Amino acid sequence: VKARVGYSGGTTFAPTYHRLGDHTETIQIDYDPSVISYGELIDVFFQNHTPTHPSHSVQYRSAIFYRTEDERRAAEEAIARIEAAVGHVYTALEPFRAFHLAEDYHQKYYFKQWIGRGQQAKGPSPQALRAAFCAWYGA
Amino acid sequence: MSLFSRPAADPDAVEPLDLPAPPQVSTATFALG
Chain U
3 VKARVGYSGG TTFAPTYHRL GDHTETIQID YDPSVISYGE LIDVFFQNHT
53 PTHPSHSVQY RSAIFYRTED ERRAAEEAIA RIEAAVGHVY TALEPFRAFH
103 LAEDYHQKYY FKQWIGRGQQ AKGPSPQALR AAFCAWYGA
Chain G
180 MSLFSRPAAD PDAVEPLDLP APPQVSTATF ALG
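As they're listed, the protein sequences go chains U and G. To convert a position in the first sequence, counted from 1, into my numbering, add 2. To convert a position in the second sequence, counted from 1, into my numbering, add 179.
One chain only, chain G, in its complex shape (with noise of 0.2 Å):
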């Protein structure tokens, strides 16, 4: 298979990051005592 054959790769296509996934919240809320 010729190499001129691949269609030609998106130059605007977005590779996709590896992100860590970000932190879940929850929230407490107690008296100071």
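So here's chain U without its partners, still in its complex pose (with noise of 0.2 Å):
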């Protein structure tokens, strides 16, 4: 339903871009679990990035902060199928305590580099595309 762009996971108080402190930087989705569930949500979680690498930095660990019993049963569940397929995972599985919302520059990122070019080129990429979807409709 909504994203925006964040940090969490550290202990900073009041983080910012330049002042990350332990954080990592992370994405907060609003869904309905009717039309999407939390399952689903981790799939993508791992389409988009390559999990069996160690990360370089708490920055850009890779991580899931569950709620819930459930998510974080989904969520394991999910890490064993991974690493049953292509070896071991580095997620961090860890509770959620908090969510700092990052800077305004930073939210709706790919669909202000599309708007900063002028739109020109060869049209707006599909993450442009997507993300002006979601501005759109408020997302």
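Source of the hints: derived by calculation from the structure; they are not laboratory data. Because the structure is a prediction, the values reported are computed rather than measured. There's no promise every hint is true.
[Stated by the list, open to error] Part of the chain U face toward chain G, derived, beta carbon under 7 Å:
#1 Leu22
#2 Thr26
#3 Asp45
#4 Gln49
#5 His51
#6 Phe101
[What the hints assert, rightly or not] Between beta-carbon pairs, the in silico distance windows are:
#7 Ala16/U with Val193/G: 46 to 52 Å
#8 Tyr111/U with Asp191/G: 49 to 55 Å
#9 Val193/G with His20/U: 53 to 59 Å
#10 Asn50/U with Val193/G: 47 to 53 Å
#11 Arg21/U with Pro202/G: 33 to 39 Å
#12 Ala82/U with Asp197/G: 30 to 36 Å
For glycine and all other residues, C-beta sits at the position ideal for the given N, C-alpha and C.
Since each chain sits alone in its own frame, please combine them into the complex, following the hints.
See below:
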């Protein structure tokens, strides 16, 4: 339904992009579970990065922040499936504690990049199109 | 039965609206990776 980027998982007070401390860059998604399940969101999460490579920094590590035992189980099952198929997964599985909204210039990043280029070149990228769609619907 | 013996309709009665249920919203948080 809606998505925004921010910082989670650390202890630094009021983190910002330039003072991230021990936080990790995260996306927070409000969704309707009757339309898409948490397990399907986990699948999308794993399709969009390579969890079998260790991250070089806390900022960009792979992590799932679960809120309920059902979510923890769903994440564990997904990790077990991937590990059985391709090997060790470095994704951290941690209880959700807090989400700090990132600065406005980080939100709808692909959409803003496209607008910033004057919408020219070879047309918008698929990411920009998706971002434009979400921005249009206030997501 | 006479039409006039019926109780008058309540002019303030509110017709129930047939609205769809509001969407449920859950929140998930993942690293951007």
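How the hints compare with the structure:
no., hint, verdict
1, Leu22, "violated (12 Å)"
2, Thr26, "holds (5 Å)"
3, Asp45, "violated (11 Å)"
4, Gln49, "violated (10 Å)"
5, His51, "holds (3 Å)"
6, Phe101, "holds (6 Å)"
7, Ala16/U with Val193/G: 46 to 52 Å, "holds (47 Å)"
8, Tyr111/U with Asp191/G: 49 to 55 Å, "holds (52 Å)"
9, Val193/G with His20/U: 53 to 59 Å, "holds (55 Å)"
10, Asn50/U with Val193/G: 47 to 53 Å, "holds (48 Å)"
11, Arg21/U with Pro202/G: 33 to 39 Å, "holds (36 Å)"
12, Ala82/U with Asp197/G: 30 to 36 Å, "violated (45 Å)"
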